[in-house]
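Chains as they are written, first to last, in UniProt numbering: chain A, 1 to 120; chain B, 1 to 711; chain C, 1 to 161.
Because the hints were derived from the structure by calculation, they are not lab data.
Treat the hints with caution; some may be incorrect.
Derived lysine to aspartate or glutamate pairs resembling EDC-like cross-links, with alpha carbons at most 16 angstroms apart [unchecked claim]:
no. : chain 1 : residue 1 : chain 2 : residue 2
1   : A       : Lys74     : B       : Glu204
2   : B       : Lys638    : B       : Glu496
3   : A       : Lys74     : B       : Asp167
4   : B       : Lys170    : B       : Asp235
5   : B       : Lys477    : B       : Asp494
6   : C       : Lys104    : B       : Glu658
7   : A       : Lys32     : B       : Glu314
A few chain A residues that don't get close to chain B, going by computed Cβ distances all over 10 angstroms [stated by the list, open to error]:
no. : residue
8   : Lys3
9   : Phe26
10  : Ser43
Small disclaimer: the values here were computed from a predicted structure and weren't measured.
From the three backbone atoms N, C-alpha and C, an ideal C-beta is built for every residue, glycine too.
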Amino acid sequence: MKKILAVDDSASMRQMVSFTLKKAGFDVTEAKDGVDALNIAKSNTFDLVISDVNMPNMDGITLIGHLRGLPDYKFVPMLMLTTESGLDKKSAGKAAGATGWIVKPFNPDQLLATIGKVLR
Amino acid sequence: MSIDLSQFYEVFFEESFEGLDAMESELLNLEPGTPDNETINTIFRAAHSIKGGSGTFGFSAVADFTHVVETLLDQIRDGQRQLTQVQIDLFLQSVDCLREMLSALRDSEEPDTQEAQALKAQFEAILAGDELAGLESNQVTPDDSSNTAVEEESRLGWQIQFKPGKDILKTGNEPIYMLQELGEIGDVELDINLDFVPTLETIEAEDCYFNWDIKLKSDCDLAKVDEVFEWVVDDCEINITPLETLVSAVDEEVSENATELGQAPAAEAITPAVEPENQDSSPAQSAKVTESTPAKKDNAPKNAEASSIRVGIEKVDSLINMVGELVITQAMLTQLSEGDFDKAKLVSLQEGLAQLAHNTRDLQESVMRIRMLPISFVFSRFPRLVRDTSKKLGKQIELKLLGEQTELDKTVMEKISDPMVHLVRNAMDHGLETTEERIASGKSEVGSITLNAFHQGGNIVIEIIDDGKGLNTEKIKQKAIANGLITENSDLTDEEINLLIFEPGFSTADQVSDLSGRGVGMDVVRRNIQALNGSVELASTPGEGSTFTIRLPLTLAILDGQLIRVGEHIYIIPLVNIIESLQINLEDVNCVGGEYDVLRLRDEYIPIIRLFDLFNHEPDSKKMEDGLLVVVEHDNEKIGILVDELLAQQQVVIKSLEANYMKVEGVSGATILGDGTVSLIIDISGAIKLAGLKKSVRRSIEKAVVDLESA
Amino acid sequence: MNIEQLNAQLGELETELQPENMSQYLTFFMDNEEYGIDILKVQEIRGWESTTAIPNSAEYIKGVINLRGTIVPVIDLRLKFSIENVQYTAVTVVIVLKLTQEGKEKIMGVVVDAVSDVHSISDSQIKVSPGLGDNNNSKFIKGLGVVGDKTLILLELNDVL
Numbered sequence: 001m002k003k004i005l006a007v008d009d010s011a012s013m014r015q016m017v018s019f020t021l022k023k024a025g026f027d028v029t030e031a032k033d034g035v036d037a038l039n040i041a042k043s044n045t046f047d048l049v050i051s052d053v054n055m056p057n058m059d060g061i062t063l064i065g066h067l068r069g070l071p072d073y074k075f076v077p078m079l080m081l082t083t084e085s086g087l088d089k090k091s092a093g094k095a096a097g098a099t100g101w102i103v104k105p106f107n108p109d110q111l112l113a114t115i116g117k118v119l120r
Numbered sequence: 001m002s003i004d005l006s007q008f009y010e011v012f013f014e015e016s017f018e019g020l021d022a023m024e025s026e027l028l029n030l031e032p033g034t035p036d037n038e039t040i041n042t043i044f045r046a047a048h049s050i051k052g053g054s055g056t057f058g059f060s061a062v063a064d065f066t067h068v069v070e071t072l073l074d075q076i077r078d079g080q081r082q083l084t085q086v087q088i089d090l091f092l093q094s095v096d097c098l099r100e101m102l103s104a105l106r107d108s109e110e111p112d113t114q115e116a117q118a119l120k121a122q123f124e125a126i127l128a129g130d131e132l133a134g135l136e137s138n139q140v141t142p143d144d145s146s147n148t149a150v151e152e153e154s155r156l157g158w159q160i161q162f163k164p165g166k167d168i169l170k171t172g173n174e175p176i177y178m179l180q181e182l183g184e185i186g187d188v189e190l191d192i193n194l195d196f197v198p199t200l201e202t203i204e205a206e207d208c209y210f211n212w213d214i215k216l217k218s219d220c221d222l223a224k225v226d227e228v229f230e231w232v233v234d235d236c237e238i239n240i241t242p243l244e245t246l247v248s249a250v251d252e253e254v255s256e257n258a259t260e261l262g263q264a265p266a267a268e269a270i271t272p273a274v275e276p277e278n279q280d281s282s283p284a285q286s287a288k289v290t291e292s293t294p295a296k297k298d299n300a301p302k303n304a305e306a307s308s309i310r311v312g313i314e315k316v317d318s319l320i321n322m323v324g325e326l327v328i329t330q331a332m333l334t335q336l337s338e339g340d341f342d343k344a345k346l347v348s349l350q351e352g353l354a355q356l357a358h359n360t361r362d363l364q365e366s367v368m369r370i371r372m373l374p375i376s377f378v379f380s381r382f383p384r385l386v387r388d389t390s391k392k393l394g395k396q397i398e399l400k401l402l403g404e405q406t407e408l409d410k411t412v413m414e415k416i417s418d419p420m421v422h423l424v425r426n427a428m429d430h431g432l433e434t435t436e437e438r439i440a441s442g443k444s445e446v447g448s449i450t451l452n453a454f455h456q457g458g459n460i461v462i463e464i465i466d467d468g469k470g471l472n473t474e475k476i477k478q479k480a481i482a483n484g485l486i487t488e489n490s491d492l493t494d495e496e497i498n499l500l501i502f503e504p505g506f507s508t509a510d511q512v513s514d515l516s517g518r519g520v521g522m523d524v525v526r527r528n529i530q531a532l533n534g535s536v537e538l539a540s541t542p543g544e545g546s547t548f549t550i551r552l553p554l555t556l557a558i559l560d561g562q563l564i565r566v567g568e569h570i571y572i573i574p575l576v577n578i579i580e581s582l583q584i585n586l587e588d589v590n591c592v593g594g595e596y597d598v599l600r601l602r603d604e605y606i607p608i609i610r611l612f613d614l615f616n617h618e619p620d621s622k623k624m625e626d627g628l629l630v631v632v633e634h635d636n637e638k639i640g641i642l643v644d645e646l647l648a649q650q651q652v653v654i655k656s657l658e659a660n661y662m663k664v665e666g667v668s669g670a671t672i673l674g675d676g677t678v679s680l681i682i683d684i685s686g687a688i689k690l691a692g693l694k695k696s697v698r699r700s701i702e703k704a705v706v707d708l709e710s711a
Numbered sequence: 001m002n003i004e005q006l007n008a009q010l011g012e013l014e015t016e017l018q019p020e021n022m023s024q025y026l027t028f029f030m031d032n033e034e035y036g037i038d039i040l041k042v043q044e045i046r047g048w049e050s051t052t053a054i055p056n057s058a059e060y061i062k063g064v065i066n067l068r069g070t071i072v073p074v075i076d077l078r079l080k081f082s083i084e085n086v087q088y089t090a091v092t093v094v095i096v097l098k099l100t101q102e103g104k105e106k107i108m109g110v111v112v113d114a115v116s117d118v119h120s121i122s123d124s125q126i127k128v129s130p131g132l133g134d135n136n137n138s139k140f141i142k143g144l145g146v147v148g149d150k151t152l153i154l155l156e157l158n159d160v161l
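Just chain A, with the same shape it has in the complex:
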């Protein structure tokens, strides 16, 4: 089973993402911010990281930058959840090592379709 780390400070979004992915047969771990995610990521391995950008403690872009620097996460796809207003976030995210992005708002089907691009 493919393992996914879902990071979002909003419980409802996190639950929605997590529920959708679990229903699609993924093994999902949730984290509530960048610091939380980084700690979880260090003691686990994941096949995909999906992270919100705007979060307290550590934002998603910083998280992706940190993760990309870890040997275990060199090639792991990492997607940002971003809004249409986050143009600059996309390039900042790419610079930090993000694989791609999912634009909010999105529905479960769109989420799964997007994930299909990096998990096959």
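Add chains B and C to chain A, keeping to what the hints say.
Here is chains B and C on its own, set in the frame of chain A:
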């Protein structure tokens, strides 16, 4: 896959309300100018989350409105704009407006968007008010006409030259997946180009050296192909041309091809440049179309407030630990029951049972703790209240919050909020002087209100302290006389007079303001607090201020009880009410008017209630000296309750008697004792009322006794 | 019929199909008179157990019991109906009913001498007989039902408290 998004609504509403609370309290800390980074970030994040969630869950009215709020916040955050007081006020109004809209949605009602529209217009005016907005609107107007022109005509397929950046793998992107994705769109012919693969000595295993020429046979439009390379377009060389043009380059339709050839490079050139805006808007729009109608559940709970609670993970963890211990104890007891029972096992059994009792108690405490929330949930509404009220009153008021992390039961918290608001309003309105008055009396011109919460015994104590002028005892007395509460001759201490403000129908305001109302309130405040098994006290020093002290049980679900017996009946008296228990010395008892017995205890006269009389039970003995007197205090008055015997003290879980029966005078509820039988909990205030011992009666009794003794 | 059998029968109730306009009635005795109550209102039947008295309540309110953690009042229906010969013996039972009281659904137990049987009675077989019982209690009497050679007094106990 069909997923019912409504299952996430409740969590979304909860976190949104929390976010709004956070926004509000941070906004109240803001000063015009260039705000502190962390503060504005917190506000931005809250708005951002609400926008993201409401969009995702289909609450488009909320999402639309939050968008403008967020946009302005973003500009302030980026330092593009100075924060003004007008904007702070506008943000605060937006918080209120969003609260209203979200409350309506939570109750499955259509939100009223009028207010939102009005506020939105104000935001838009601010946003459009200078060159900044103009700049932005230029940016977000993508010119995609040529794009669609190409799409129209290219239906045979696409020729794609794909040369991934060397580092593409290190961003987690996988070219092979992209080729597979193309394969899902249509038939793919691949030519791999290995020209760039270096010699073995210089090859870097983590780099990508391949590139491909791809023929995609599909009638899909360009956007579909662009989507495949969406994330890597900046890092790769990608040329996409309509397949038709290359195939038909030698065809006779030269003129048509010429135009297409002319357009094709244009389309390519536009792709990377326009793409960001394009991609931004198109998925967002499609999402809006599919989710724009908020799903309405027919049987959705109308009032969802009580339905869920957010619990810190450490509380859940401790609960799980305890259940673990309970399981171990249970296993141990089960083991004991296997095989023959002998004396040796008896000791183990006793130990096991002691362990079980211990586990159960711990578990009970932990479960109760789940319902406990920090009082900051209530305190957090006061900064706004004080800010708005001080503006209205024209007084400068500083609010201090102490002990915000003090925890209490969620239900108690919900019910204490209104009485507290009333007391705080009252302190601001009546307690604190006007600025001029303060200056005149040599005080700091800024008045102060302090909310202080702490635990004391099994209670939470909340103090509402102001440094105002204190209660005007003389005025209260005159008013009370005018209202017939007391007479001119009533011999009352200042403290007793001050307490009269809690009597029904009392008002001391010189002029009725729209804040504290027409004297409705203080009696209601006290009644509401008493309904929670709590009490309110008041201390006041003229010229220095007043302190209202609210005392509440930590939870409504459990109380510490004293079991007492009258004949065959066992009742429970809340321990919190009990002052002491004693045997009656008949010499200290006076009978007043052949009706009321009064015990002289030290300096006080305590009316005696015979529980067997009150409840119509057959006691062991009707003689006072045979029983025990439980002295209880309620509402600053002491009463003695005569019982046959005191039994154990224990914590009891309060059960409703009204659920299947009805309210019983003198009884506040029921509980189930260890042996499974039901025992009723005595309601002290109800018992006093039932005994006909109203305050006036008590006072006349006291007076009679004093007269009697002095005679 | 004993309590276990009746409770078992209550459990099976929902699976049985009733012909139209037929209702089932649980019958019981008070002072040698046989009464019936709509079985859909019956939650369970228990043996008589002592209760916790409620202060200053009417004599027919025996008190409250602990019904699996819920506080449930128990009414002696015989006292309520002014029956004089009231005893508490091994066969005295408490029928736990779901009733409405002032519009609210409540659970309460009623004490009767003994439970008897379950009968199906069609609505057309019920004779309305307004003159029955003393005046205070006639409102609790739905009518008379005839089963074979027996006549049952059918009760409707909402607002009995």
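Structure-based check of each hint:
Among the hinted pairs, A:Lys74 with B:Glu204 is consistent with the structure: their alpha-carbon atoms are about 14 angstroms apart, no more than 16 angstroms. For the proposed pair B:Lys638 and B:Glu496, the alpha carbon gap of about 14 angstroms is at most 16 angstroms, so the pair holds. For the proposed pair A:Lys74 and B:Asp167, the alpha carbon gap of about 11 angstroms is at most 16 angstroms, so the pair holds. Only pairs whose Cα atoms come within 16 angstroms are accepted, and B:Lys170 paired with B:Asp235 is accepted, the gap being roughly 12 angstroms.
Of the supplied pair hints, the one linking B:Lys477 and B:Asp494 holds, its CA atoms being roughly 9 angstroms apart against a limit of 16 angstroms. Taking the CA atoms of C:Lys104 and B:Glu658, the gap is about 11 angstroms. The hint holds against a cut of 16 angstroms. Simply put, A:Lys32 and B:Glu314 have alpha-carbon atoms about 15 angstroms apart, close enough for the 16 angstroms limit, and the pair holds. The Cβ of A:Lys3 lies farther than 10 angstroms from every Cβ of chain B, with a closest approach of about 14 angstroms, so its non-interface assignment holds.
Under the 10 angstroms C-beta cut-off, the non-interface status given to A:Phe26 relative to chain B holds; the minimum distance is some 12 angstroms. Every CB of chain B lies more than 10 angstroms from the CB of A:Ser43, the least distance being 17 angstroms, so the non-interface label holds.
Consistency note: the structure conflicts with none of the earlier hints.
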